[in-house]
Amino acid sequence: MGSLLARHLIPGGHSLRLMYHRKPLPPDLASAPNVLPIQADLAKPETLPPAVVGADVVVHFAGVLFAPRPERFLPVTNTQWFSNLLGAAIEAKVERVILISFPHVEGPTTPDHPATGRLDREPISVHAKTRLQEERLLFERTKGTETTPVVLRLGMVYSRGILMIDAARWLAERRLLGVWREPTWFQLISTIDYLRATEAAILKPGIRGIYHVGDEKPVTLQHFLDEACRVWNCPRPFRTPPWMIYAAAGLCELFAAIARKPSPLTRDFITIGRVSHWGDTRRAREELISELQYPTLQDGLSTL
271 MGSLLARHLI PGGHSLRLMY HRKPLPPDLA SAPNVLPIQA DLAKPETLPP
321 AVVGADVVVH FAGVLFAPRP ERFLPVTNTQ WFSNLLGAAI EAKVERVILI
371 SFPHVEGPTT PDHPATGRLD REPISVHAKT RLQEERLLFE RTKGTETTPV
421 VLRLGMVYSR GILMIDAARW LAERRLLGVW REPTWFQLIS TIDYLRATEA
471 AILKPGIRGI YHVGDEKPVT LQHFLDEACR VWNCPRPFRT PPWMIYAAAG
521 LCELFAAIAR KPSPLTRDFI TIGRVSHWGD TRRAREELIS ELQYPTLQDG
571 LSTL
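Residue numbers (this note's numbering): 271 to 574.
Among the clues, some could well be false.
Claimed, not checked - Simulated crosslink set (DSBU-like; lysine-lysine; CA at most 30 Å straight-line):
| id | residue 1 | residue 2 |
| --- | --- | --- |
| 1 | K531 | K293 |
| 2 | K293 | K314 |
| 3 | K413 | K363 |
| 4 | K363 | K314 |
| 5 | K363 | K474 |
| 6 | K474 | K413 |
| 7 | K363 | K293 |
| 8 | K314 | K531 |
| 9 | K487 | K474 |
| 10 | K413 | K314 |
If you're looking for bench data, these hints aren't it; they were derived computationally from the structure. Quick caveat: nothing in here was measured; it's all calculated off a predicted structure.
Sequences are here, hints too, so could you generate the full structure?
See the structure below:
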């Protein structure tokens, strides 16, 4: 998602510093005339000043995906690493820090009872708990400083090129994609609308606080996957009891830990995936983007 945002911003002539750790930037990004690659390590605060000193805005995406037993590392990678970056940004007097988050941090929500920007909830999954801790850190530590806190709680970003979407298609093409039967409400946002909203959060004056960024029509996860498979000309995902999916995720994590490979499924992914979520997007419509290019899944199916 960070690379997609960079490619979206480059044509506008914005001066971008793109931070990476071990894996170098893709050649098209590294060679752009208005891009400065910065190698740094979020675990080592002393490496971070070159990435933030003199910057106007920091957008934070960094996280660890597809690794087994996320409960062991997410409290560090999500919370401590972000704390290191935030400290460097505040010290450098960066004007705005934007944290990319998701509605799951408020626990289960629905179109009738949407997430509204609260920080006092108790989410279920480790991913959501640690991301909520990041949000709290952002608002607590920027009080009384020159740095403005912004959180974008995105619905599930969909379109070709999104890691989770490409992984679902890979599984579907091999008849391995399954989902539980119980309907799970999902809020979506197309890639182009995510990019437009994030660009607005970077550039518009007066942006501050929590924004829920999502489309206009609630769907269930099951309906989304069925429609995606129809577009991909793949079999409809099979329905299965949750315990079977948890068992498959546990086996994936065990194999990944032994082989030191990525895990395409984790049990915490299943836990967060079973949480219905829907955010109140009225503030995002008023202050970020008033109209979406793809306001419903039906409008955006062609992007899959």
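Results of checking the hints against the structure:
1. Taking the CA atoms of K531 and K293, the gap is about 16 Å. The hint holds against a cut of 30 Å.
2. Between the alpha carbons of K293 and K314 the distance comes to roughly 17 Å, so the proposed pair stays at or under 30 Å and holds.
3. For the proposed pair K413 and K363, the alpha carbon gap of about 13 Å is at most 30 Å, so the pair holds.
4. For the hint linking K363 to K314, the alpha-carbon distance of about 19 Å falls within 30 Å, and the restraint holds.
5. A threshold of 30 Å between alpha carbons decides the hint, and for K363 with K474 the separation of about 18 Å falls inside it, so the pair holds.
6. With a CA separation close to 21 Å, the supplied pair K474 and K413 stays within the 30 Å bound.
7. Only pairs whose Cα atoms come within 30 Å are accepted, and K363 paired with K293 is accepted, the gap being roughly 28 Å.
8. Distance restraint check for K314 and K531: the Cα-Cα separation of roughly 24 Å lies within the 30 Å cut-off, and the hinted pair is therefore satisfied.
9. For a cut-off of 30 Å, the pair hint linking K487 to K474 stands: about 26 Å separates their Cα positions.
10. Of the pairs offered as hints, the one joining K413 and K314 holds, with about 24 Å between alpha carbons and a cut-off of 30 Å not exceeded.
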